[in-house]
Amino acid sequence: MKFKLASSPHQHAKRNTGQVMRLVLYAMLPGIALQTWFFGWGTLFQILLAITTAVVTEAAILELRKKDFERAIQDYSAVLTGVLLAVSIPPFAPWWIIVIGTFFSVAVVKQLYGGLGFNLFNPAMAGYVMLLISFPVQMTQWLPPESLSQYPHNIWDAFYAILTGYTGTGFSISQLQTNIDGITMATPLDVVKTSLMQGSTYSETIGHSIFNSALNGVGLASMWVSLGYLAGGLYLIKQKVINWHIPVSMLAGLVVCALFMSLVDADIYPSVMFHLLNGSIIIGAFFIATDPVSASTTNKGRLVFGAAIGVWVYIIRTWGGYPDAIAFAVIIMNMAVPLIDYYTQPRTYGHTNRKRVNKPKS
Amino acid sequence: MNELKELTWQGLWKNNPALIQLLGLCPLLAVTQTLINGLGLGLATTLVLIGSNATVSIIRNWIPNEIRIPIFVMIIAAFVTIVQLLMNAYTFKLYQALGIFIPLIVTNCAIIGRAEAYASKNRLGNAAFDGLMMGLGFTLVLVLLGTMRELLGSGTLFDGANLLFGDWARVLTITVFETDSPFLLAILPPGAFLFMGLIIALKNVLDEHMERLFAAPKEQKVVQRARVTTES
Numbered sequence: 001m002k003f004k005l006a007s008s009p010h011q012h013a014k015r016n017t018g019q020v021m022r023l024v025l026y027a028m029l030p031g032i033a034l035q036t037w038f039f040g041w042g043t044l045f046q047i048l049l050a051i052t053t054a055v056v057t058e059a060a061i062l063e064l065r066k067k068d069f070e071r072a073i074q075d076y077s078a079v080l081t082g083v084l085l086a087v088s089i090p091p092f093a094p095w096w097i098i099v100i101g102t103f104f105s106v107a108v109v110k111q112l113y114g115g116l117g118f119n120l121f122n123p124a125m126a127g128y129v130m131l132l133i134s135f136p137v138q139m140t141q142w143l144p145p146e147s148l149s150q151y152p153h154n155i156w157d158a159f160y161a162i163l164t165g166y167t168g169t170g171f172s173i174s175q176l177q178t179n180i181d182g183i184t185m186a187t188p189l190d191v192v193k194t195s196l197m198q199g200s201t202y203s204e205t206i207g208h209s210i211f212n213s214a215l216n217g218v219g220l221a222s223m224w225v226s227l228g229y230l231a232g233g234l235y236l237i238k239q240k241v242i243n244w245h246i247p248v249s250m251l252a253g254l255v256v257c258a259l260f261m262s263l264v265d266a267d268i269y270p271s272v273m274f275h276l277l278n279g280s281i282i283i284g285a286f287f288i289a290t291d292p293v294s295a296s297t298t299n300k301g302r303l304v305f306g307a308a309i310g311v312w313v314y315i316i317r318t319w320g321g322y323p324d325a326i327a328f329a330v331i332i333m334n335m336a337v338p339l340i341d342y343y344t345q346p347r348t349y350g351h352t353n354r355k356r357v358n359k360p361k362s
Numbered sequence: 001m002n003e004l005k006e007l008t009w010q011g012l013w014k015n016n017p018a019l020i021q022l023l024g025l026c027p028l029l030a031v032t033q034t035l036i037n038g039l040g041l042g043l044a045t046t047l048v049l050i051g052s053n054a055t056v057s058i059i060r061n062w063i064p065n066e067i068r069i070p071i072f073v074m075i076i077a078a079f080v081t082i083v084q085l086l087m088n089a090y091t092f093k094l095y096q097a098l099g100i101f102i103p104l105i106v107t108n109c110a111i112i113g114r115a116e117a118y119a120s121k122n123r124l125g126n127a128a129f130d131g132l133m134m135g136l137g138f139t140l141v142l143v144l145l146g147t148m149r150e151l152l153g154s155g156t157l158f159d160g161a162n163l164l165f166g167d168w169a170r171v172l173t174i175t176v177f178e179t180d181s182p183f184l185l186a187i188l189p190p191g192a193f194l195f196m197g198l199i200i201a202l203k204n205v206l207d208e209h210m211e212r213l214f215a216a217p218k219e220q221k222v223v224q225r226a227r228v229t230t231e232s
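Quick mapping for you: the protein sequence lines, in order, are chains A and B. Numbering of the first sequence is given in this note's numbering, commencing with residue 1 and proceeding in unit increments. Numbering of the second sequence is given in this note's numbering, commencing with residue 1 and proceeding in unit increments.
Next comes chain B alone, as it looks inside the complex (with noise of 0.2 Å):
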């Protein structure tokens, strides 16, 4: 129970693959420019984490060393696939609006890093729950990105919602405020950039934050100095 709070806090805070260890930062910046698509991309990118380091971590014990990277690669080569295809039959949509990249979630470091540090090293159930966690905390980034970047860059929220859950979700997108100029800086990839600082800089703060108040006040170290000089 502990290791799964741990795996929690670590995928979703401590170790998020997006804010600490900055990997699969190109779809992250590509595909933000809505919520629905970093929603979309978001929930993709779990499930094949999910299935990968599922897999990984079954077939552990029978994986040559030399060449695990290879398999890891074709493991989540193979559902990434599945995804595809799923989306492609069910979410069509939303499938064109994320077009490429899709298919290059094979190349998102943060999944071979999870199977090559944590599933071929562990229980079936434990790299399961960290894919889903790892998976999370990196839908979260995409979510909370999408959402500023479609809010400063056009004004609207959840746009597009019906490409991911279907034409009842239209009544879902909110127009906060129209514009004739809308901040193409934001809809832009620099744009993408400067949030994702504005988003790390912000956990950092958060992070300093925490650590003082929750700290607990460090011992004083009392020197006591000796005397090395005889008076005379």
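Chain A with its partners taken away, still in its complex shape (with noise of 0.2 Å):
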């Protein structure tokens, strides 16, 4: 018989922290790869600031926390950081915004609570919503899919309209927001929060052009790059890299919730497949929520923790200020999670009683 030394939440897997990382990175390339398809090259120089921001942060607190910076930048999380911070802002935003944003997530929200492992919160996340209250001007210039645009808009616009707001043609990012009928365009969870706001119902909503006719109320670019993200999620499920636990759950927590509520009221509550499929809640089930440091590290903690940051998502994007809601509820989650690890820790070894008294049996 074989017995495994080891109680709750040690991973098996014959990773380093490094491995693990760079797995996650690969994973999202199909996701970011659409991601630059459909909304143009200003991710791709996101991504790179982020890193560049990220690891310089990183090398210089280790080095005054007199850290071994070589081996902690090896071990790519800082990198990865970066990476999702970057992929969550708006591609055309001003290089400041990312460096701010991902030298708070780092500097801030990682090192300062003591470096990897000790991070209350998601690092990319809480940066996330740093910039999104300081700057929401910037965080809301969500450009339309290239084939909706105006203005089409190639490699050295994404570099000049980051770097100084204008493009090689100069055209302002206001001007590039614009679609085909010169009427500026918002992401799908923006057209449709805006305009149930003003009383239109939802079937009338999706007709807006960003929405694909067939696909009943989903945005076409929106779709393509969560099942980008759904794609490179499965596969670290696969790799073992992240358990099925949390996205499930938190789908799940969404799905029954949009479920119920477009059940007693398809007119003002959108339907399952909108939610699914617009915003970044694939990204976040899969990439953001299953952050292990910041995460619930047991099995039923982390199905608690999921499904409460599905039902706080649906919550927020129904009824909050703001039209997506990853960030936040993933925030407040991440709060919750020593409450969660404290109600759902698993059996001791050769305690049989559930309240973990060791009785004597007579």
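Be careful, since some hints might not be right.
Said to hold, decoys possible - Taking lysine to aspartate or glutamate pairs in the DMTMM-like style, the calculated list, with each CA pair at most 25 Å apart, reads:
hint: 1; chain 1: A; residue 1: Lys66; chain 2: B; residue 2: Asp207
hint: 2; chain 1: B; residue 1: Lys5; chain 2: B; residue 2: Glu116
hint: 3; chain 1: B; residue 1: Lys5; chain 2: B; residue 2: Glu208
hint: 4; chain 1: B; residue 1: Lys5; chain 2: B; residue 2: Asp207
hint: 5; chain 1: B; residue 1: Lys14; chain 2: B; residue 2: Glu208
hint: 6; chain 1: A; residue 1: Lys238; chain 2: A; residue 2: Asp75
hint: 7; chain 1: A; residue 1: Lys67; chain 2: B; residue 2: Asp207
hint: 8; chain 1: B; residue 1: Lys14; chain 2: B; residue 2: Glu211
hint: 9; chain 1: A; residue 1: Lys66; chain 2: B; residue 2: Glu208
hint: 10; chain 1: A; residue 1: Lys66; chain 2: B; residue 2: Glu211
hint: 11; chain 1: A; residue 1: Lys240; chain 2: A; residue 2: Asp341
hint: 12; chain 1: B; residue 1: Lys121; chain 2: B; residue 2: Glu3
hint: 13; chain 1: B; residue 1: Lys203; chain 2: B; residue 2: Glu3
hint: 14; chain 1: B; residue 1: Lys121; chain 2: B; residue 2: Glu66
hint: 15; chain 1: B; residue 1: Lys203; chain 2: B; residue 2: Glu6
hint: 16; chain 1: A; residue 1: Lys67; chain 2: B; residue 2: Glu211
hint: 17; chain 1: B; residue 1: Lys203; chain 2: A; residue 2: Glu63
hint: 18; chain 1: B; residue 1: Lys121; chain 2: B; residue 2: Glu6
hint: 19; chain 1: B; residue 1: Lys5; chain 2: B; residue 2: Glu211
hint: 20; chain 1: B; residue 1: Lys14; chain 2: B; residue 2: Glu116
hint: 21; chain 1: A; residue 1: Lys67; chain 2: B; residue 2: Glu208
To be verified - What follows is a set of in silico ranges between Cβ atoms, one per label pair, in the way DEER data are often shown:
hint: 22; chain 1: A; residue 1: Gly350; chain 2: B; residue 2: Gly197; range: 41 to 47 Å
hint: 23; chain 1: B; residue 1: Asp167; chain 2: A; residue 2: Ser174; range: 39 to 45 Å
hint: 24; chain 1: B; residue 1: Leu172; chain 2: A; residue 2: Thr52; range: 39 to 45 Å
hint: 25; chain 1: A; residue 1: Ile155; chain 2: B; residue 2: Met210; range: 52 to 58 Å
hint: 26; chain 1: B; residue 1: Met74; chain 2: A; residue 2: Thr201; range: 57 to 63 Å
What the hints contain is simulated information worked out from the structure, not anything from laboratory work. All C-beta atoms, glycine included, are put in the ideal place defined by N, C-alpha and C.
Fit the two chains together into the complex; they arrive one by one in their own frames, and the hints show the way.
In structure tokens:
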């Protein structure tokens, strides 16, 4: 008989942190490629800027803390934080947005709490929340998918727009935001939120040109990007880098809420597919909420953690002030992790009583 | 004299109400969007502290021990009302800017804490001086926090100085930089928490540094081992 000398949250795969982080980065590639295809080259420049800032910040702070920074850099955790933040922000946001955000993520959220493994909050999402509440204008300048854009933009336009705010041909970001009809575009979630607030019904709303008419309220570009990240996420589960518990329970939490509410009143509450394939729920479920440091560490706890994030996402998307909510939901549930872990401790080996009291059997 | 020196040191640095005791954080975090707001609330709190400490010290021998807390609170409330009416009369704009946080000085634990811990046990002069120093220590932190948040959040310094000092003070306002997209986090409450944490960390670092500089080198303890086994 084989005895495992391990209690709860230890991973059994023989990988070091660097390998895990690199696998996650590879798994993001399909999603990043599709995002670049639909929304322009901006994402790639943002990723480059984010990686540079993250590594420099991490090295500088580790040097200040008198730690071995070469080894810490090689674990790729700072790189991953930077990349996650870079794909979350609008692709044409000015360069200082991503620099400030990544610096905040790595320096304040991660290193000030004690470095990798000690951060209470997901660094990328805490950085995102900081940017969203500090610079709401720049953080909501989403471009329409390239096929719907009035002014096509190439790689140099992206480069100049990020550095100076204007493309090589002199268009501003807000001009780039206009679609072929000359109307400023927003994300699918934004469009629905705005027109529901103005009193339209959901079925009227999804006639908007950003939605694919065949897909009943799903933006084509958003769907492909989500599917790209879904493929990467499934690969991660197959490689046992992440467990299935958090993604599945998170999506289930959202689906149950969305299904129930859309059955109650389909005119006001968008459909399940709308919630699943628009916005960032897929990348959130597979890449962000599964952060091993700030998520719950027991299997039962992961189910609770994920489901609660799904419910929060639905609540904030439907009744909150912001169109999407992954960052807020993840941060909120990060705060609840110690409590969840406390109540879902697995049974200790040798104890049969659920209350973990060592009662003598008589 | 030595007592006064000790009180100064305790109030401004070693036992600073905001940095060490972490008392009165609610107004501290809520009003420090600008330097002047912080200074205004700091001065108001200092006045209340001096008044309440002095009064408590005078009547300390007649207060029945069982009901001392309600009595302290009433004394403090009386002084807060005085300060509030004064600000209402002379610095009306600042009074409006600080809003609910002036009456809330009553609930500032730093004040009742000093009444309980120091003023109710010491002479009038010392108690009043303790109030002054604790108040100044509190004001110092408010001003520092206000400076950091105003500088990062809106790129100015001494904005609204005319609210406190009268119209001539408009010239004091310094615009350090102008920006279309201010760092809103610094002005919002979470920013206050972050900067407060940074200030506390800075104080701890300074303390550690000073300790290392001024600490007398410890005498090396010499251990002499006695031989307990015999050679054989």
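Item to check | Unsatisfied constraints (hint numbers, rising) | outcome: none
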